[in-house]
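Residue numbers (the numbering used here), protein chains in the order written: chain X, 4 to 382; chain E, 4 to 382.
Keep in mind that the hints were calculated from the coordinates and are not lab data. What you are looking at is a predicted structure, and each value in this text was computed from that prediction instead of being measured. Fair warning: there could be bad hints in the mix.
[What the hints assert, rightly or not] Coverage of chain X stretches by chain E, computed from C-beta distances (three or more under 8 Å per stretch; other residues unrestricted):
1. 100-110
2. 121-134
3. 264-278
Yeah, the Cβ is synthetic: ideal placement off N, Cα and C, and Gly gets one too.
2 protein chains.
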Amino acid sequence: MDLDAFEVGYDIPARLGQRIDEVVTPALIVDLDHFERNLRRMRDFIERTGLRLRAHAKTHKSADIALLQISEGGACGICCQKVSEAEALVRAGVRDILVSNEVWGEARIDRLARLAATARIIVCSDDIRSVHELNEAAQRHGSTLEVLVEIDCGAHRCGVEPGAAAVELARAVEKAPSLRFEGLQAYQGSLQHIEDPVERRRQATSAAQATRAVVEMLAVAGIECRTVGGAGTGSFAMDASLGVINELQCGSYIFMDAHYDRVEEEGGGRPGGMENSLFVFAGVMSTAIAGRPVCDAGLKAIAVDSGLPRVDRPGVSYLRASDEHGVLDDPDHVLDLGDWVRLVPGHCDPTCNLHDWYVTIRGERVEALWPVTARGKLF
Amino acid sequence: MDLDAFEVGYDIPARLGQRIDEVVTPALIVDLDHFERNLRRMRDFIERTGLRLRAHAKTHKSADIALLQISEGGACGICCQKVSEAEALVRAGVRDILVSNEVWGEARIDRLARLAATARIIVCSDDIRSVHELNEAAQRHGSTLEVLVEIDCGAHRCGVEPGAAAVELARAVEKAPSLRFEGLQAYQGSLQHIEDPVERRRQATSAAQATRAVVEMLAVAGIECRTVGGAGTGSFAMDASLGVINELQCGSYIFMDAHYDRVEEEGGGRPGGMENSLFVFAGVMSTAIAGRPVCDAGLKAIAVDSGLPRVDRPGVSYLRASDEHGVLDDPDHVLDLGDWVRLVPGHCDPTCNLHDWYVTIRGERVEALWPVTARGKLF
């Protein structure tokens, strides 16, 4: 990508080699030292436990990061949530992708089956009708789609009941000539942010028991689960100890966020010992009201669905967001016009989706710009 | 723009002429009949009151819509919030733009002054330091920047106190050879969504009194305000009756949203009699849990900062959002896999910023695709 063709301040927020105080705000920043430590922490965990990691690209939507997770971070492949995300990642060179979601509709399923002719594609299903459509599309393209039957192990979103319905669906997949039954999707999303580790383990245990029961029912029916996929950043250490899930789908671990600041690991600390590597740099644009400086990162630069950003500077906090403004509380008057602050997003995934570029920094310098490859890939 | 070069389902959500049930979800939809009625309602209001309209493009970030607001909708020009938004709109042919916001930092101010060599550019200031920087940059580019002094008339975000500080700043602008003092920015953002019209008028009246006092202080000092800018979709009828603001900066009126559903006009009805013209079409992707269908529009397709979306179908409501999912409540089981629903966003501005395209429909057919020209223009 020819970055020289892009204008700083219009197309891109920085040039390589610039000092961090020259980056145009608001900008999405990856601190590479922190990022690489998270990458290694997860790789070490995978090596120690013998589980597989299928890192979730819904968090970052970046081909650069996905490829690093595979080459350096111990990942066997990547998850994403949308067919268009998978297409963007395959175009960038990722060759083993789970669309960890239901895919429906003739045109969309057709695209997925076409993609499976050039990459390993796994997809979830919780409906017999989609099994038929997936099979027909794969036949049409001469490809094979691998399928995880999604079970509802407590999040009450997608997924069939963890019982006979799952076995019935698995049988239908096994019978379909252009599909391959790969196992179960057993992600319990709603427990990831339970702050108390005791309650989190209680719910993770309940999800694991439900999942184990289905694995055993399938075994009785002669159907093997090569993959039992699930786990997130809030639960992966617990899930590993519970011994049912064999492929971890963590995404946020690579960045972390202010919501995960509040989630306590068993034995203390943050989940997996991970640290914040993602920040939004914001500039102070108005100091007209004393003690209430206004920064340039509002709702269009940082997601607030899981709480306001944390300001990475002692004594300063983020009071309220409007579309293009963030009002700060600065009782000690440490900030002046043109100063910048480092914000830790409340929720990393939708924050990344607001930006076109990651500005990666090493110490005080911009090292690389990574495009948010699948930004806005909603389909 | 050669739409034929784009792939439906990857680059774009629809082809022209398609039926609405063929649009790839989640998609951002403009119902043109509703949209054009809103455009006309505002133009009629402007003609009736003799005020000016400077329509706010922060809502839609679309050059197509901005140009329609000028050619058909009675607007004298456009507002936006960021220099990069202004650049995108000037590139698309808009020639009269107010950046209704503070602009700071040498590089950013330089870009603004450069832009003023090809279009009329007005900008806000609440700081003497930015006045000097704006003047130097305009001198460098041989351009003239027009300046509105922003006053804090109740929102407590940007803006100097409505008194001597504003006069002092106006004098500094008047003295600067490459700046022109154009008037005041008197936008009271925090009253726009006050649901009760009595309380809303009380606060609008207070803002108008503060603004009028500054206009009079300036007159005593021999400084004329050609423009007193402000008003939003929630307050413009009141602001017009209060007789201080002469240039309305409404943005949301063109689309409306579920938050404005709850704002009552004096005499009843919705502000200005405007109607929803913006929707997110979402598809039902899972019906595994009875009565709780899951749609494909979550946090990355629809903003929830001002409340959850309203489902435009009797008996169905939107219960909770995760990144790529929306769980619906459907007690009468009217929705099946593959059905689509029309969602009214809780907040139009940040929703539009999540999408690359507006799919405009007329009745049951796709009429045009409009790019979200300044999507992601954060700088």
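Against the structure, the hints:
Given a C-beta distance limit of less than 8 Å, the hint that chain E covers the region 100-110 of chain X holds, as 6 residues qualify and 3 suffice. For the region 121-134 of chain X, the proposed coverage by chain E is satisfied: 4 residues have a C-beta within less than 8 Å of a C-beta in that chain, meeting the threshold of three. Look at the region 264-278 of chain X against chain E: 0 of its residues bring a Cβ nearer than 8 Å to a Cβ of that chain, fewer than three, so the hint is violated.
The structure fails hint 3 only (numbered hints given earlier).
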